[in-house]
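*Asks:* Quick mapping for you: the protein sequence lines, in order, are chains A and B. Counting from 210, one number per residue, gives the positions in the first sequence under the numbering used here. Counting from 54, one number per residue, gives the positions in the second sequence under the numbering used here.
For the record, the hints were derived by calculation from the structure and aren't laboratory data. Beta carbons are placed, not taken as given, at the ideal position from N, Cα and C, and that holds for glycine. Hints are not guaranteed to be accurate.
Listed next, the in silico DMTMM-like pairs over lysine to aspartate or glutamate satisfying Cα-Cα at most 20 angstroms (straight line) [stated by the list, open to error]: (1) A:K499 / B:E308; (2) A:K409 / B:E325; (3) A:K424 / B:E325.
Looking from chain A toward chain B, a few residues come up when the C-beta cut is under 10 angstroms (computed) [as the list claims (entries may be wrong)]: (4) Q299; (5) G323; (6) V382.
Distance windows between CB atoms, simulated [claimed, not checked]: (7) B:G222 / A:G543: 33 to 41 angstroms; (8) B:Y246 / A:A244: 43 to 51 angstroms; (9) B:L299 / A:S421: 35 to 43 angstroms; (10) A:D526 / B:G296: 54 to 62 angstroms; (11) A:A412 / B:Y246: 33 to 41 angstroms; (12) B:E144 / A:E539: 49 to 57 angstroms; (13) B:T81 / A:D526: 30 to 38 angstroms; (14) A:A536 / B:G296: 46 to 54 angstroms; (15) B:V118 / A:V382: 50 to 58 angstroms; (16) B:G85 / A:R413: 34 to 42 angstroms.
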Amino acid sequence: MSGPVLAFIEHAGGEPDRLSLEALALARGLAVSLAAPLEAIVLGSGAEAVAGRLGTFGAQAVHVAGAADFDAFAPAAWGAATRAAMESRQPAAVVAAGSERGNEVMAHVAARTGLPMAANVVSVSPGDGSGGAAGSWRLVRQRWAGSLLEDAALDAPTRLLTVAPHAVAIDPVASGAATPTILPFEPERDPADLIARVVKVEARTSSGVSLSDAKVVVGGGRGVGSAEGFGRLEELATALNGAVGGSRVVTSLGWRPHSDQIGQTGLRIAPDLYIACGISGAIQHIVGCKAAKQILAINTDPDSPIMAVADYAVIGDVATIVPAITAEIERRRGAP
Amino acid sequence: MNILVCVKRVPQTGGRIVLTADGQAIDTRFLGHTISPHEECGVEEAVQIVEKEGGSSTVLTLGPVEAEEQLRDAMAIGIERAVLLETDGSEWDPVSTAGAIAESIESQEAANAAFDLILFGNEAADTGDFQVGVRVAVALGRPIINGIKEIWLRDDRGAVFARREAPGGGWETYELPLPAILGVKEGLNLPRYPSVPGRLRAKKKEIERVALGGSPSGALGLGAGEDAAAAGASAVPGPTKLGLRLPAEEKTAAEVLGQGPDAASAVVDLFEKIGVVAR
Ligand SMILES: Cc1cc2nc3c(=O)[nH]c(=O)nc-3n(C[C@H](O)[C@H](O)[C@H](O)COP(=O)(O)OP(=O)(O)OC[C@H]3O[C@@H](n4cnc5c(N)ncnc54)[C@H](O)[C@@H]3O)c2cc1C
Ligand SMILES: Nc1ncnc2c1ncn2[C@@H]1O[C@H](COP(=O)(O)O)[C@@H](O)[C@H]1O
């Protein structure tokens with residue numbers, strides 16, 4: 210029989226993180242195909258309460274290190290705690306979210322154990338085809354932030370995986386979820402692992418709807434023409450209670466701050482509507498906005514690549530079309 | 054301050070990606086090459102810090118001989134030294150890559166001065182393995198933190214402060230004693246464009262080369278995990294690429310609502326239909 214599948218769970222405000230629950234869903238599928246137990250690891254204050262919620266998602270046992278030492282993020286220390294759980298359980302696999310923290314913690318686990326790690330996995334089939342855990346596992350992972358998929362083999366005593374965001378659906382147990390067994394543990398804290406540790410947290414300052422939460426996002430690219438040109442996009446966004454974002458070209462030109470950038474090296478957004486204004490639709494931009502429910506492109510070039518991903522399009526100059534749309538919204542609002 | 058930046062040559066993909074017939078790589082016949090935007094910011098930051106603090110800056114890449122182009126790009130904006138760990142062009146897995154980089158750093162530090170600060174990109178643009186920097190840091194026994202969008206030095210120059218975005222929005226700050234390693238992200242700064250004299254100067258500069266050849270599949274000295282090392286084993290390389298493919302696309306051609314400002318009415322009809330403005 211194979212060792213358990215361990216899922217590393219991040220949490221905030223007493224709730225497991227969404228991306229960690231996605232990782233737990235992949236881990237559960239893996240545990241089923243290996244006929245292995247599904248277990249989780251939760252660290253820091255409030256860990257036990259979070260652990261209690263994981264039964265709903267199929268965890269049979271949860272390793273809990275509730276020491277407040279683990280509250281401030283310290284990737285090496287979180288990784289060391291994970292290794293401590295691995296030592297006692299000899300897992301077939303350890304799975305974390307492909308979040309900033311999840312990838313970082315797993316990289317520390319990988320570096321310190323000498324095990325290989327596959328980041329941003331979308332699916333995995335264990336074994337060499339004979340149904341066991343031995344041999345080389347086959348997996349599919351994202352490259353280029355999801356513009357490309359890689360079929361890969363992973364062969365190691367314990368497989369370390371992170372799960373690509375929004376690639377696997379959260380999967381609550383249909384009925385009769387059991388309360389998981391809580392297994393408290395006290396990993397040693399090596400001071401060296403606590404050097405890289407959060408020493409100060411500052412809350413978000415700007416008010417208004419944030420780019421990552423906005424239901425409507427108005428994105429601008431080179432076709433907007435200038436920093437001033439973004440004024441028209443701001444007005445449309447205000448009329449739609451949305452937020453303004455942009456392509457890499459506009460952040461590199463300094464027309465917008467980098468925090469507005471959508472794409473591979475910026476934000477991934479998933480609004481109800483994305484309005485791409487003067488954006489050509491390079492693949493690195495598209496990976497950041499393709500989760501939008503609808504995409505409207507406004508572009509002078511009817512053959513630009515954005516047309517292949519947009520649901521709707523208006524052909525022409527953003528400088529005249531965008532204000533016309535804003536005016537039409539206001540006209541209808543003003544109308545009795 | 055002596056600073057090292059590690060960069061990786063990747064194809065400059067644009068509107069869409071085209072694969073080679075055997076599905077093993079991106080078809081680069083019609084593409085230029087670049088480095089990840091994250092790493093571009095690392096290069097710029099190294100130049101800025103050395104401009105202010107003095108010291109020296111070095112850029113390192115592990116890749117084919119053509120990766121000289123990326124090293125010269127970095128020297129064109131002000132990096133002084135360049136090191137090429139030359140491969141035969143085959144793809145190196147992240148474990149082997151980190152092992153070779155860590156080994157090179159050790160021998161460079163033995164020959165020259167130690168690096169106070171080493172900068173990596175948060176992740177490579179192509180493979181996105183999210184681990185090479187951490188593996189090097191662990192092999193060298195230095196602290197590392199990823200995701201960094203702002204860097205400043207402590208007054209006594211004994212430590213670096215580094216800031217990154219916190220999970221729920223806002224910012225979190227780290228303080229690492231030097232020598233330290235940071236994984237940086239785009240947004241750290243606005244990289245400058247190389248000047249013509251900068252390019253000419255870079256063209257004439259020496260590049261230090263170390264021949265590595267093909268990707269090793271087995272034992273590594275440096276970069277091996279300490280747990281594994283204690284057990285007498287070395288790091289296990291991987292994952293092993295079997296092939297690449299494009300994700301399935303569901304989209305069809307866009308429905309054109311109109312031309313020019315006259316389309317505004319059709320657009321707002323659509324907004325009402327999908328419920329983003331009240332009817
Ligand atoms: C590793 C890597 C990572 C990257 N990460 C990102 C990322 O995170 N985000 C990102 O956006 N890019 C990213 N890029 C860059 C990306 O490849 C493109 O260069 C970029 O997205 C192009 O921006 P753009 O569409 O604004 O500009 P362009 O490609 O120049 O397109 C401008 C568009 O505007 C249209 N246009 C011009 N004038 C008008 C007008 N008056 N009215 C209407 N339309 C007009 C044109 O027809 C054209 O379609 C990355 C690249 C690499 C190599
Ligand atoms: N072949 C390479 N040569 C130099 N640096 C590299 C190489 N591969 C990765 N790196 C560095 O390690 C970072 C993380 O890479 P990765 O773990 O592959 O996502 C990159 O942003 C680079 O700074």
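*Asks:* Taking the numbered hints from earlier one at a time, note which ones the structure violates and give those numbers from smallest to largest.
*Replies:* Violated hints (numbers, rising): 2, 4, 6, 8, 9 and 10; every other hint is consistent with the structure.
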